[in-house]
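K.L.:
Following the hints, put chain B in place on chain A, whose structure we already have.
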Amino acid sequence: MTLGLIAIAYIALGIVFAFLAWRRKEPALDVLFVLLAWPIYASMLSPKEAPEDVAFREAEAVREALVQVADAARGSTFATLFDQRAEDRVRLELERTTERVRAIDLELARSTKTIAPSRASTRLRAIRDRDLHAMRELVQLLAALRGEILIARHEGSSAEGTSALVSEVWARVVGLGEAQSRDGSFALEASIEESASPPI
Amino acid sequence: MSTPTHTESTFAVLLRDPEKAVQACLSGVGRRELARTALASFFVGTLLFGGVVGCFRGELQLLFAALKMPLLLLGAVVTTVPAIWALGATEERAWPMRSAASLMLVAAGRAALVLAALAPLLWLAMDLIGGYHLSSFLAACALGIAGLAALSVVLRGMRGMPSGTLALAGLVFGLSLLHSGWVLRPWLVRPGSPEIVFMRTERGVGALGSLVMSATRGAGDPLGYESEGAR
Numbered sequence: 001m002t003l004g005l006i007a008i009a010y011i012a013l014g015i016v017f018a019f020l021a022w023r024r025k026e027p028a029l030d031v032l033f034v035l036l037a038w039p040i041y042a043s044m045l046s047p048k049e050a051p052e053d054v055a056f057r058e059a060e061a062v063r064e065a066l067v068q069v070a071d072a073a074r075g076s077t078f079a080t081l082f083d084q085r086a087e088d089r090v091r092l093e094l095e096r097t098t099e100r101v102r103a104i105d106l107e108l109a110r111s112t113k114t115i116a117p118s119r120a121s122t123r124l125r126a127i128r129d130r131d132l133h134a135m136r137e138l139v140q141l142l143a144a145l146r147g148e149i150l151i152a153r154h155e156g157s158s159a160e161g162t163s164a165l166v167s168e169v170w171a172r173v174v175g176l177g178e179a180q181s182r183d184g185s186f187a188l189e190a191s192i193e194e195s196a197s198p199p200i
Numbered sequence: 001m002s003t004p005t006h007t008e009s010t011f012a013v014l015l016r017d018p019e020k021a022v023q024a025c026l027s028g029v030g031r032r033e034l035a036r037t038a039l040a041s042f043f044v045g046t047l048l049f050g051g052v053v054g055c056f057r058g059e060l061q062l063l064f065a066a067l068k069m070p071l072l073l074l075g076a077v078v079t080t081v082p083a084i085w086a087l088g089a090t091e092e093r094a095w096p097m098r099s100a101a102s103l104m105l106v107a108a109g110r111a112a113l114v115l116a117a118l119a120p121l122l123w124l125a126m127d128l129i130g131g132y133h134l135s136s137f138l139a140a141c142a143l144g145i146a147g148l149a150a151l152s153v154v155l156r157g158m159r160g161m162p163s164g165t166l167a168l169a170g171l172v173f174g175l176s177l178l179h180s181g182w183v184l185r186p187w188l189v190r191p192g193s194p195e196i197v198f199m200r201t202e203r204g205v206g207a208l209g210s211l212v213m214s215a216t217r218g219a220g221d222p223l224g225y226e227s228e229g230a231r
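Protein sequences, first through last, are from chains A and B. For what it's worth, my numbering labels the leading residue of the first sequence as 1, then goes sequentially. For what it's worth, my numbering labels the leading residue of the second sequence as 1, then goes sequentially.
Derived by calculation from the structure, the hints in this document are not laboratory data. Among the hints, erroneous ones may be present.
Cβ-Cβ distance ranges computed for the label pairs, FRET-style [stated by the list, open to error]:
{"hint": "1", "chain 1": "A", "residue 1": "129", "chain 2": "B", "residue 2": "141", "range": "49 to 59 Å"}
{"hint": "2", "chain 1": "A", "residue 1": "85", "chain 2": "B", "residue 2": "127", "range": "31 to 41 Å"}
{"hint": "3", "chain 1": "B", "residue 1": "137", "chain 2": "A", "residue 2": "13", "range": "35 to 45 Å"}
{"hint": "4", "chain 1": "A", "residue 1": "168", "chain 2": "B", "residue 2": "124", "range": "29 to 39 Å"}
{"hint": "5", "chain 1": "A", "residue 1": "13", "chain 2": "B", "residue 2": "159", "range": "26 to 36 Å"}
To be clear about the criterion: a stretch of chain A counts as covered by chain B if any three or more of its residues have a C-beta under 8 Å from a C-beta of chain B, and this derived list gives those stretches [as the list claims (entries may be wrong)]:
{"hint": "6", "stretch": "33-39"}
{"hint": "7", "stretch": "55-68"}
Treat the numbers as computed from the prediction; the structure is a model and nothing was measured. We put the CB at the ideal spot given by N, CA and C, even for glycine.
Bound conformation, chain A alone (with noise of 0.2 Å):
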């Protein structure tokens, strides 16, 4: 085969990939970019989503939500509030639940092997959707905090109004914590009682 054949077909499949872009509506520039690179950027239209990691895209949306709230409240008073120690230990609860959402979503993947659903994967599935809607609390949480602390920042008052918020953050932080060490022996309970468990 040539390189002119190549050419040829590269050319070919893009103007075909183009062609179905354009017939989605994608616009203009998705769809030039489709026909001079489509094996790279094809994907990116995709209409089917794959499985993200939406244990990542939730960690994320906490971290963000925490440099906002460090933002609003570096050098002023509240600055106290969240320094480098408490952001750290955010991190790391964070980064542990990830984790085992991750290798939740793992053994959840591999469980859908068998037909019907175990009680042991219904429960696994609860702590990864509890863990989920922990991080999504934590998110509103730390953005009504944010906007605290600009209100108290602009109004001269003290910190005494943002406490009760943080103090409701730091338990969402402990409770994230506290569930990794109260659930991981079920998880890996959980687990074994799965592989264990011939499929249906």
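P.N.:
Relative to chain A, chain B alone:
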């Protein structure tokens, strides 16, 4: 008083915040917009750099080199994406193909921006110093610097994977870049070469042999005066 955070444009993220760009590739949030910006930057940067490389000979070579430079890097990226995806998939983590593709696109986009930034310097150096070997050496150095910018993105994206996986991914990219560069030659066109062609078709000593020969010749004649008339 701190300033509230504002939403950065995707171009600013691509240019200034590789960590955030990598996170977008892996998490999927804003990935498509970032990939679009990276590909646009890639085409603009490589066309510009190719044009500057082609300026060494001028005439039609300016157009040829400007067209071939995006092809060179696109070929290497297209070959590397499946390899990186396959290597990453051996690890137990979520690693869809589009994450690998967008990561390589962002890396290539950043490299192209570095090339665009270095293009005026290369142009100036070729104009002031001239010489075939020195110009080709400087162009290779610019590509190397741009490659480092791209590598930093890929390494961030594949953080946590074993070093052997990263080394293999780098090897695939390096070899495909070398091969694409060899297939698509000439780039500068030797001063004494009588004609300008889009691609050479004759068989030679191969990419590695040519590199050794060029380095040996270049060491004795960095300005390339003795290359006059040579092909």
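K.L.:
Please write out, lowest number first, the hints stated earlier that are contradicted by the structure.
P.N.:
2, 4
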